[in-house]
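> Position chain B against the provided structure of chain A, taking the given hints into account.
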Amino acid sequence: MARSVSPRRKLINTTVAWAIGLLIFFPILWTILTSFKSEAQAIAAPPIFLGFDWTLENYRVVMERSDYGRFLWNSIIIAGLSTVLGCIIAVPAAWSMAFVPSKRTKDILLWMLSTKMLPAVGVLYPIYLLFIQMGLLDSRFGLVVVLMLINLPIIVWMLYTYFKEIPGEILEAARMDGATLRQELIYVLTPMAIPGIASTLLLNFILAWNEAFWTLNLTAVNAAPLTAFIASYSSPEGLFFAKLSAASTMAIAPILILGWFSQKQLVRGLTFGAVK
Amino acid sequence: MSLKSTLSAATALTLITAGGAFADAHSATITIATVNNGDMIRMQGYTDQFTAETGIAVEWVTLEENVLRQRVTTDITTKGGQFDIMTIGMYETPIWGANDWLVPLNDLSAEYDVDDILPAMRNGLSHDGTLYAAPFYGESSMVMYRTDLMEAAGLEMPTAPTWQFIREAAAAMDDPENEINGICLRGKAGWGEGGAFITVTGNSFGARWFDEEWNAQFDQPQWADALNFYVNLMNDYGPEGYATNGFNENLSLFNQGKCGMWIDATVAASFVTGDDSTVADSVSFALAPNAEGVEKRANWLWAWALAIPAGTQQEAEAKQFIEWATGKEYIELVAANEGWANVPPGARTSLYETPEYQAVPFAKMTLDSINAADPTDPTVDPVPYVGIQFVAIPEFAGMATEVSQEFSAAYAGQQTVEEALAKAQAIATEVMEAAGYR
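Chains as they are written, first to last, in my numbering: chain A, 1 to 276; chain B, 1 to 438.
Bear in mind the hints are in silico, worked out from the structure with no lab data behind them.
Every residue, glycine too, gets a C-beta built ideally from N, C-alpha and C.
Take these hints with a grain of salt, some might be off.
[To be verified] Facing chain B, a subset of chain A residues (Cβ under 8 Å, in silico): (1) Leu129; (2) Ala220; (3) Gly238.
[Claimed, not checked] Covered stretches of chain B, as calculated for chain A (at least 3 residues, CB under 8 Å): (4) 30-41; (5) 66-73; (6) 78-87; (7) 238-250.
[To be verified] In silico negatives: residues of chain A with every beta carbon more than 10 Å from chain B: (8) Thr14; (9) Leu33; (10) Phe49; (11) Glu57; (12) Gly259.
Chain A on its own, in the form it takes in the complex:
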């Protein structure tokens, strides 16, 4: 039976939730607002919140100076493909760990996660040398592989958690009906775990989109994604905050829109189990 919540409590909860939401969103809002200011207004003290002369000049300069389309396309390809490839590898891996566990499964899961604990810069040189040997520097394919690998532990862990909640009896019933392993995965397991898989994919896509260590260090011209686009507007000698904000807004806009449209799926996947 659902617990009844008093209107007063509901109001407080809502207010607190909105306040926290606004607090978290404020840096993004400030970046967006700054992108419409002049450079002088961007550094004004006290800061100007809304009462400034709105201008699109920064966007014009950024569009004129940079090939935004190329950076955007690279981001889409790299984040998208690394997510798809990661999913293709992670679904069978999570399935086997969830439904056919061995006594080492927990150790393997922990070991996979432990690879995330190493600072990325610690393996920069080995990976850079490997990329040189394999001719993968500044290639989208190279970045797809790297981003897929660094996000794989998270995907496997998340999918494993969802799969664990699916009763094994359902899969056994499918097997008794003559389903092969492939059919079991595709026609039984996957549809039941769709919310979980969708939220995992979305999260992985966001992580890959925002990744700013490997994407800056392994690219130059051809494969540089939007993280490199933003980095090109950061300047330690000169006040270009408005242009930097415009570039940042253009870089985060696609992922913000994606997140906005898929928030229902994302929240559902992250807060509920597969069969609830």
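Below, chain B without anything else, positioned relative to chain A:
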């Protein structure tokens, strides 16, 4: 969609993405790694003219300074070959030149007139007398001050002030009620930020990083004098939170009229007198100060320069670009289109002999500041290293960043000056011993 077709589609897309990287390659295209600052961005805008003249296409990779440093260092030490030209500074050039990582620029054309490069810049970008990077623009440091506030305080800034005068002027101009700080200086941790500033301040008090035997010198009284003076000056007349202020934060404060004085890079002169400054009409300049009785001033010397990594396949094209971008004609091109105040400063003698440029308010002081800096003789007492605001050894960047973090902690009041100096001494001693200098 079946698993098989999904896999096929993913593989096909992957191959397409991999192929794209190679398809874009072009024999007459050079790739240049650079930083994002006004002069570099301006140069990118004129690249089409270079391409039209030579048929050589140019691809730019623009990165934030620290990212660029990490990126090009990784590439050159692993011979990655990602770039045909790298924008590097005076710190990297002699070290990389000594390691044969850079192509010597000893066969530039007669029209380029390599002897026209300012001697201080040429020395700082050479190793064993060989030039390894061509300066695009150069800078020193100087005092930028508000003439209106100085006048109201009844003071007159000498051309070559002492630290004692700077303190006196800061006290006179400090006006907390009107949000005016007597002085704004860098305090932010980082070897190129606050670390650079406190190192030249140390030089101007007679301090040095190492003696001739590579013994750390932070336990000497000159460092205590310098650091105590800086901390007292900033605590008394500096802005709140100065321990986290770098170039940009101080530029912002100065442009908004919140600083009586600012001692920083000469390249800032064009910003504080530019359109975004609210005090553009009341700014003047003076040489960086020294402590009374100390011959060395708090001048640093820096250049953003173009260098060619050894092993590039496009060496001839890269040299062509360097001659174009750092030559006299480029300066004339910018002057014709954007005015003399916007040409890249601090690289060529002939620029300072041009009457039109001599009329630019900050031109003479920039040249005087650069000429006052000698990277081969940076301190009062002899040192075994080259470099003014840095020590040109590979270990310096990491070590100086740690030391500057300790100093910043002292600025923020988290520890005393004595504690910071003791830690700096320990850090520098340990690094020198581990690296085999002692």
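> Of the hints given before, which are not true for this structure?
Every hint satisfied by this model.
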